[in-house]
Amino acid sequence: MSMAVDGRRRGSLAIGAVRRDFAPWADPGAIPLIRFEQVTKRYGEVTAVDNLSLDIYEREFFCLLGPSGCGKTTLMRMLAGFEAASEGRIVLAGQDLSGVPPYRRPVNMMFQSYALFPHMSVERNIAFGLEQDRLPKAEIADRVVEMLRLVQLEPFARRRPSQLSGGQRQRVALARALAKRPKVLLLDEPLGALDKKLREETQFELMDLQVKLGMTFLVVTHDQEEAMTMADRIAVMDHGRIVQVATPGEIYEQPASRYVAEFIGDVNILEGKVIAAGEGRCTLAVADAPEPVSVAGVAEPLSPGREVALALRPEKLVLTQEEPPPHTPNVFAGTIWDIGYLGDWTIYLVRLASGKTLRVSRANVTRFVERPLSWDDKVFVHFAPEAGVVLTR
Amino acid sequence: MDVAPRPPDRGALGRAPSALVPAVPFLWLAFFFLVPFAIVFKIALSEPATAQPPYRPVFDLSQGFEGLREAFSQLSFYNFTLLLEDSLYFSSFISSLRIAAVSTVLLLAIGFPIAYAMAKAPERWRPTLLMLVILPFWTSFLIRVYAWIGILKPEGLLSALLINLGLISEPLQIMNTDTAVFIGIVYSYLPFMVLPLYATLEKFDYTLLEAAEDLGCPPWRAFWRITVPLAMPGVLAGCLLCFIPVVGEFVIPDLLGGSETLMIGRTLWSEFFSNRDWPLASAVAVVLLVLLVGPIVAYRDIEARRWEKAQ
Numbered sequence: 001m002s003m004a005v006d007g008r009r010r011g012s013l014a015i016g017a018v019r020r021d022f023a024p025w026a027d028p029g030a031i032p033l034i035r036f037e038q039v040t041k042r043y044g045e046v047t048a049v050d051n052l053s054l055d056i057y058e059r060e061f062f063c064l065l066g067p068s069g070c071g072k073t074t075l076m077r078m079l080a081g082f083e084a085a086s087e088g089r090i091v092l093a094g095q096d097l098s099g100v101p102p103y104r105r106p107v108n109m110m111f112q113s114y115a116l117f118p119h120m121s122v123e124r125n126i127a128f129g130l131e132q133d134r135l136p137k138a139e140i141a142d143r144v145v146e147m148l149r150l151v152q153l154e155p156f157a158r159r160r161p162s163q164l165s166g167g168q169r170q171r172v173a174l175a176r177a178l179a180k181r182p183k184v185l186l187l188d189e190p191l192g193a194l195d196k197k198l199r200e201e202t203q204f205e206l207m208d209l210q211v212k213l214g215m216t217f218l219v220v221t222h223d224q225e226e227a228m229t230m231a232d233r234i235a236v237m238d239h240g241r242i243v244q245v246a247t248p249g250e251i252y253e254q255p256a257s258r259y260v261a262e263f264i265g266d267v268n269i270l271e272g273k274v275i276a277a278g279e280g281r282c283t284l285a286v287a288d289a290p291e292p293v294s295v296a297g298v299a300e301p302l303s304p305g306r307e308v309a310l311a312l313r314p315e316k317l318v319l320t321q322e323e324p325p326p327h328t329p330n331v332f333a334g335t336i337w338d339i340g341y342l343g344d345w346t347i348y349l350v351r352l353a354s355g356k357t358l359r360v361s362r363a364n365v366t367r368f369v370e371r372p373l374s375w376d377d378k379v380f381v382h383f384a385p386e387a388g389v390v391l392t393r
Numbered sequence: 394m395d396v397a398p399r400p401p402d403r404g405a406l407g408r409a410p411s412a413l414v415p416a417v418p419f420l421w422l423a424f425f426f427l428v429p430f431a432i433v434f435k436i437a438l439s440e441p442a443t444a445q446p447p448y449r450p451v452f453d454l455s456q457g458f459e460g461l462r463e464a465f466s467q468l469s470f471y472n473f474t475l476l477l478e479d480s481l482y483f484s485s486f487i488s489s490l491r492i493a494a495v496s497t498v499l500l501l502a503i504g505f506p507i508a509y510a511m512a513k514a515p516e517r518w519r520p521t522l523l524m525l526v527i528l529p530f531w532t533s534f535l536i537r538v539y540a541w542i543g544i545l546k547p548e549g550l551l552s553a554l555l556i557n558l559g560l561i562s563e564p565l566q567i568m569n570t571d572t573a574v575f576i577g578i579v580y581s582y583l584p585f586m587v588l589p590l591y592a593t594l595e596k597f598d599y600t601l602l603e604a605a606e607d608l609g610c611p612p613w614r615a616f617w618r619i620t621v622p623l624a625m626p627g628v629l630a631g632c633l634l635c636f637i638p639v640v641g642e643f644v645i646p647d648l649l650g651g652s653e654t655l656m657i658g659r660t661l662w663s664e665f666f667s668n669r670d671w672p673l674a675s676a677v678a679v680v681l682l683v684l685l686v687g688p689i690v691a692y693r694d695i696e697a698r699r700w701e702k703a704q
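Residue numbers (the working numbering), protein chains in the order written: chain Z, 1 to 393; chain X, 394 to 704.
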């Protein structure tokens, strides 16, 4: 079974940025808007989606995240109706979608290539879906103006798509998909074709838009930053299965597996063995550390002798030139192997005695540093017991 | 700022070839189209004569300037007025245009599904399919049209097949009729319709159809609203490539058509070779050319406007 893995919560401590009072997935009484029920999709010998179950709730901004070929696009195309599930079913607002053709589904999609009709003006593109519903002419005209205003393209109404910039085309595609007020808006790599600066701006615009319209957004992306910024929840996919469904904060701070920890952000993975465990704490023997390592906030019960991985995020490691005071837990000694200066952050690669390299990042909070670290400096790295995550998978 | 390096100055001789490139098509047109056209036009303004060549006047430079002026004064538009007076020419033109128009519609109706299927076929099959479309060109056009006589004549292959299948009891009487001409034209010109259509449809972005469907447009409607408008350049090119040569077609109506199949190509031929009236035949040729240049100019105009719009 590859059932959705729920993000685990740690007592009353919150993780990441959360929309206050919005967590329908945590409410057992809430009825999901979209249900994927044990959906499998095979292309000949290849299984693109493997017995996958997933619930998405109304007004959620949901991201399917994974590398190319993980099945995320297939999953979205099945919801849009372009592919039929080999097994299982997809339910939208209580209606089983099996056999419903794409043109009768109350979902609209923004295509990765935008797929704007090149022979129609911007306004004709936006009106296209409304015309299919045979709405009165006046209503169509009103709705087109409303959409143009929403995406700030009023002066471009009569232009052809070929006369627009990439960012403007993206807005037209968005307006066209929103015009029919679908129950769910599907966005296939919505920002993939934009340059970095525009991508960041557009991320926030999409989030604002989604809250303003109160619509359910389902985004497919391979860009973890995009998913982390925009989503209420993320489903991380691998080989047609979902490996974790959780809020961005939980995905980052409490990854369910090594795959998730490594896919989202940077991470140091240390191999270890459990010496003692209990009450959310454990002590590990780690090959790269001279002394046992203690970890707090362990989510699952562990028994001594179990082989585990310890995941440490670079920004949660503390780097010092002086030896930390005695009884500081989890101290590693090493030398600076390499430095990457990024402006806001500096990345240090610290080579340990065992030969293992730890990645440590430090925010450059001041402009000038008294004794800057340099190559081959002797340094110490330590981390709080709460900073590490024990991974059993 | 970087300054793009100036191309080395190769001098007048070095630049000459690139300046000549646009001149090549113009020179080609001048020598092989404009000059012959001027000659034909001059013959059209002459009158027939029992002589060698069979028309008068003949420009003779040895007669000097006076002789040329004398010859020019003898030219007249008499043959063109004759074309208007004798209904044979008018009905030949009309009949040719009608046959060409019907054939073009038939070609489009048959060629579009073929081109569409080819464009949608798996990529590894496409070169083979393309090859099959142009394969008939490996055989002489004349032989292929002759082969149709063997198929279409009453005791031919088609009648024999249908009688043996029990679908008909009498031999088919389609040889030497307009039907046979249509069959011959559609068969012969199909590649000229399929190739430009295929070229357009192969570049067509089929996610546009998905987008249309996603927006609530059923596939059959999406075909008319998205596929057809975007395939228009190919449709126009294919129709012109078929319509224009079919109007002047001579071999197919002569071999497969009956005595009542009136086409301007045949009229032209009989004026030239049966009546030996070169001036009148030339006048027919000139009018035919003017008629056919019309659609080409219109097409060019449409294309130019489309191009402008896309900018």
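It cannot be assumed that every hint is accurate.
[To be verified] A few chain Z residues that face chain X, going by a derived Cβ cut-off under 8 Å, partial list only:
id : residue
1  : Asn51
2  : Ser53
3  : Tyr57
4  : Tyr103
5  : Ala115
6  : His119
7  : Ser121
8  : Asp133
9  : Lys180
[Said to hold, decoys possible] Below are the EDC-like pairs computed for lysine to aspartate or glutamate, each with C-alpha atoms no more than 20 Å apart in a straight line:
id : chain 1 : residue 1 : chain 2 : residue 2
10 : Z       : Lys183    : X       : Asp670
11 : Z       : Lys197    : Z       : Asp208
12 : X       : Lys546    : X       : Glu701
13 : Z       : Lys212    : Z       : Glu201
14 : X       : Lys513    : Z       : Glu83
15 : Z       : Lys183    : Z       : Glu154
Since the hints were derived computationally from the structure, they do not count as laboratory data.
The structure displayed is predicted, hence computed values, not measured ones.
C-beta atoms are modelled at their ideal positions from N, C-alpha and C, and glycine is treated no differently.
Satisfaction of the Ser53 (chain Z) interface hint, Cβ to chain X closer than 8 Å: Hint violated; Ser53 (chain Z) Cβ to chain X Cβ min 25 Å, cut 8 Å.
Chain X contact restraint for Lys180 (chain Z) - C-beta distance below 8 Å: Lys180 (chain Z) check passes; min Cβ-Cβ to chain X is 7 Å, inside 8 Å.
Satisfaction of hint between Glu701 (chain X) and Lys546 (chain X), Cα-Cα up to 20 Å: Given pair Lys546 (chain X), Glu701 (chain X) is violated - Cα atoms ~52 Å apart, limit 20 Å.
Given hint Glu154 (chain Z) paired with Lys183 (chain Z) - CA-CA distance at most 20 Å: Measuring from Cα to Cα gives roughly 25 Å; hence the hint is violated.
Chain X contact restraint on Ala115 (chain Z) - CB to CB distance below 8 Å: Holds: closest Cβ of chain X sits about 4 Å from Ala115 (chain Z), inside 8 Å.
Supplied contact hint for Asn51 (chain Z), tested at 8 Å Cβ to chain X: violated (26 Å)
Hint status (Cβ of Tyr57 (chain Z) to nearest Cβ of chain X, threshold 8 Å): For Tyr57 (chain Z), the interface hint is violated, since the closest Cβ of chain X sits about 23 Å away, which is over 8 Å.
20 Å limit on alpha-carbon distance, applied to hinted pair Lys212 (chain Z) and Glu201 (chain Z): holds (17 Å)
Restraint satisfaction for Asp133 (chain Z) [CB to CB of chain X, less than 8 Å]: holds (6 Å)
Given pair status - Asp670 (chain X), Lys183 (chain Z), alpha carbons within 20 Å: Violated. Lys183 (chain Z) to Asp670 (chain X) sits at ~77 Å, over the 20 Å cutoff.
Interface restraint verdict for Tyr103 (chain Z) against chain X (beta-carbon cut-off 8 Å): With a minimum Cβ separation of about 5 Å from chain X (threshold 8 Å), the hint on Tyr103 (chain Z) holds.
Interface hint outcome for Ser121 (chain Z) [beta carbon to chain X under 8 Å]: violated (10 Å)
Hint compliance for this structure: hints 1, 2, 3, 7, 10, 12, 15 are broken, all remaining hints hold.
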